[in-house]
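Please construct the entire structure, taking both the sequences and the accompanying hints into account.
Chains D and X, in that order, are what the protein sequence lines are. In terms of my numbering, the first sequence opens at residue 1 and continues consecutively. In terms of my numbering, the second sequence opens at residue 1001 and continues consecutively.
The hints are all genuine.
Footprint (simulated), chain X over chain D, 3 or more residues, beta carbon under 8 Å: (1) 47–55; (2) 72–78.
Simulated restraints, written as ranges between beta carbons of each label pair: (3) D:Arg182 / X:Ile1381: 33 to 41 Å; (4) D:Asp134 / X:Lys1046: 56 to 64 Å; (5) X:Asp1208 / D:Val115: 34 to 42 Å; (6) X:Ile1381 / D:Asn189: 33 to 41 Å; (7) X:Ala1057 / D:Leu112: 51 to 59 Å.
These are calculated hints, taken from the structure and not from any lab test. By construction, the Cβ of each residue, glycine as well, lies at the ideal position given by its N, Cα and C atoms.
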Amino acid sequence: MLEIRDLHAAVDGTPILKGISLTVNAGEVHAVMGPNGSGKSTLAQVLAGHPAYEITGGEILYHGENLAEMDAEVRAQQGVFLAFQYPVEIPGVSNAYFLRAAYNAKRKAKGLDEVDPMEFLDLVEEQLKLVDMDPAMLHRSVNAGFSGGEKKRNEILQMAVLTPTLAILDETDSGLDIDALRIVANGVNALKRPDNAAIVVTHYQRLLNYIVPDYVHVLAGGRIVKSGGKELALELEARGYDWLLEAVA
Amino acid sequence: MNTMIAAPALLSQATAASASEAPEALRAERAAGHREFEANGLPTTKVEDWHYTSVSAIAESTFAPMQGDASGVTAEQLAPYIFSTSWPTLVFVNGVYAPSLSQTDNLPAGIRVLPLAQAVGELGDVVTRQLGTLAPAARDGFTALNASFLGEGVVVHVSKEMVIDVPVHLLFVVNDAGVGGMQHPRILMLAERHARATVIESWVGLTDGTYFSNAVTEVTVESGATLHHLKVQREGRNAYHVGTIEARQGRDSHYVNFAFTTGAQLSRTNVYTVLDGEGCGTTLNGLTMLDGEQHGDVQTRIEHAQPKCFSRQMYKSILDDTSHGVFNGKVFVQSIAQQTDGKQTNNTMLLSKTAQVDAKPQLEIFADDVKCTHGATVGRIDETALFYMKSRGIDNDTSRQLLTYAFAADVLETIENETIRDELERITMRRFTSVTD
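Written as structure tokens, this is what we have:
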């Protein structure tokens, strides 16, 4: 599904990613871990198409197509979804309107008819339960005045509505208490299917107690310095990152 | 310092108007208006209050008083500007009251709304108590000019303790027959103690021709009363519009004003209020949306004259092309006005590199126990929010449109009346997006 080959990326001329290669197949969950400043979030942003990041080398193939050439909105329409570390507040646009606009943009890209507001509310009702969200939240402005936990749940709600093929979760666990973490993780697990995949970017192992990865990759200095199975995450939890960084240096 | 522009053609019109026949109650104010206008003319940009707005084009104009020809205006033409057909509506066409297009038989008990000429006879006391006292002719050249033409206008009188749920709509329309003309309506509003009402002032141009509207509105909100006052300015693309609202508030009253501005090539809206009773408050909000070469100036002045009063201001502008927006928000806190709570925000979104804004908060505080804040921002579309929307599959154009609309919606949401709010939101949505619901 996703094939990253020797990816280099820079922001404002400063190289951040220095040769990342990663293959993600349908049905797999990959965890990307690493210390602060290792390039984890950059990788997530580059995959979603943030304009501030420049790809300076390598390539990203998504279903065999060059992802780097697609605008952010096209990537999303093709099934790429980034759950933001810091979801953006948009005062004045209701959550319901925003979700429906996103949902219809994807339908339109597939050549399907748009759904009207009533149909959409029926459709979103199930997904609200998945993230334990009050339907009243639909009528509030996107993320405006939401608590940290509500924002993250709102990201998973969007994911549930948009049913992405490739979901990238960027530090979705940061700032969450254990209950919110459980709700978010349950949401992600419920959305797992044989034909989709997820990349879970996280600093800590605790999220991986709830979202069990098939593979764990450790990023440091813009490169993957170690890959392994889920047991690697536990080892990192026990030993920290330093032993890996020393081994690389 | 040259602070006045003589306006010879306007002055000779004012001389003729102030000398023409008028009801006794209006004569003294007309004379005062003429005298002040002759002495002061119109302000130059050397006058601090008019620093960013040049009115020389008005001073040099040869506008003649509009003659009120309503023959070319139909109810169908007015339909898009009527918020609800079930609301009492007074229509003025080309400067003169048009009873055939108005609807006043649905006025509820407790409120009287009369054309000024009729009110002079029937509500004499209400007229004489307010006329020229809240907005004296000496205030500035435009108020003086308005006074010298006194004759057309409206009086809204809400009796004590009456709660009027149905908004009253005052609609001033100009069509091709008014081109080259000017109108100087005077509006008086009185909400007696513990009364509650909503009044909309609408200014509509059904022509692309040039004309000049110069309105003065005097508002009294007595103790415990609440008055919602909306000004919706949709004058023609080439019109000039100057409108001054001066309010005075009693103890525990609340005056709420919303100024919605999209029209005219040159407009100036003044919203002034004096918080003259303990514990009263005012909420002044507005949205200005300009494009092309439009110039729109909003000035507020809140005078905290008594203790424990609050004032809230939120003004937003969205400026495109080479348009120019001005906001000057003045808050004066007198020495006895302790425990004043004032807040002012002014946010502008520039949609083009050539649009321009001048924002000037002005706080003068003479009391020591007060809480007054102000903040102004000028910005473009938030790139982070733009990426967020695009990352959800919403295309670039739609994302930009929605973010622009959202910026405006934030202040429109403060409008209490749902019908008015929905309509202004719909107009705004249609302006920036292709979405119709």
